[in-house]
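Enquirer: Chains B and W, in that order, are what the protein sequence lines are. By the count of the working numbering, the first sequence reaches residue 321 at its end, each step adding exactly one. By the count of the working numbering, the second sequence reaches residue 453 at its end, each step adding exactly one.
These aren't lab readings, by the way, just hints derived from the structure by calculation. It is possible that part of the hints are untrue.
[What the hints assert, rightly or not] With a straight-line Cα cutoff of 25 Å, these simulated DMTMM-like cross-link-like pairs (lysine to aspartate or glutamate) come out: (1) K64(B) - E343(W); (2) K275(B) - D262(B); (3) K405(W) - D225(B).
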Amino acid sequence: MKLSLVNRRLSLILILVLAVVNSGCVDLSAIRKFAEISTEAGQQFPQLAKDLNGSCMRRYYYQKIREEQFRPERMPDITNPDPTSPAMSEARERCGKFTEQEKRLIEANAVMVNYLQAMAALAADDLTSFDQSLNGLGNSFTAANVFNEAEVKAVKNLAGLLLTAFTDGYRRKKLKTTIENHNEDVKTLAAALQRIAAQNYILELKNEQGQLRSYYIDSIRDYADYMKRVAAKDGSENKEDSVQNPLPVIQVKRQWDEEELDLRNKITAAESYGKIMQNISEGHQKLFDNRNKLNSKETVQIALKYGKAIQPLVQDFRKAF
Amino acid sequence: MATLTAGQAFQLALGFHNLAQEIASYRFEDWDNLTSTQRRNLERLENQVRNFSSDFNALSIKLVLDDLSGTLKNIDEATAEMTKAVKRIKKIDKILKIAAAGVTLGAAILAGNPSAIASAIGGAVTSAKDNT
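Sequences and hints are given; from them, build the entire structure.
Expert: Written out as structure tokens, the structure is:
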């Protein structure tokens, strides 16, 4: 009699819970995918932040080496100065303004990454998988002879449904509240990081590119002038040609091309990071627009679309750094 | 005196960059018409102008980051709330594990089986320790 009463009560509760759960089923996998890919992109950022100082220093080397007229005894001091030397102080003074902002920049990016990671964790499907623990609980009930096997199974399923309904509803509500309250903050931060990568960092790289070209053009022209003087002195000058001995220039050009390629890859990476931030901003806005139906098919498709758009951009980043 | 905005600092940086490019172009196009001294002076000028561009660029970054402090704090708080929510959900899993260990212990005590009791106590303690 006792067992039959328990069975009837369990069946009734099960029917009621199924009705609740089916109306609140949650698919947050797309949000998780979007957040995870965006996080990966953000994790590459510190190298970009460090390269602001790196670019400034490379530009400083090109300037100094020409100022010192390629004197070999001056080279170690310029490119590998002793930490306590006046040369190091001069280098730090030149590029210290970027070093000061590097830490703040990395921290700002970390705030975005941590936010996206927390969002991914909250949207994770395995977060609300209690199967293992419920199996353990079920085995304990069986071993303790509290219920028979069929009743243990019913209790386990019921507990699983109740927990899923509660936690999924709780997750959805938490994500909705977060997206609602912080959409503008996320967009502001994404816009700032986009601006720094796609404008400030790229301008610094373009300054470096200009400096690099001046370095090589000046040096090759100086060499050409020198060779003309040598040829004029020994009577071998060909007045119709501006380059008397092109072979060393070919080797130098190869080096120049490598450095130009390196810069182009970095510019592409910075542009890609800017687009990633734009995608994060737009993706988050779309989640905001659909915050009352986060598990709808439409929202899932939107989140997946932005996640997919970010993926190839991350590859550009890996190429440069 | 009014201070610069991040956007204004960047515009100045861009302006100085373009000026440096113009100086370089002039220097290379008129190479043969310039004396060696004139070329060196123009090279030095170009470097100085590029350095100004870089300095204003760094200032622009600083100003962008200065404006962000309130936003960063808000997002950090949101992250903390979501992390707390994840911990709350994970706690249910822990409670289930402790409950399973507790039921096993209760059953062993009811059965009066000393070795089963000892083993169940060990399991309950481990479960409680693992899940705090």
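Enquirer: Which numbered hints turn out to be false for this structure?
Expert: Going through the list in order, the structure violates hint 3 alone and respects the others.
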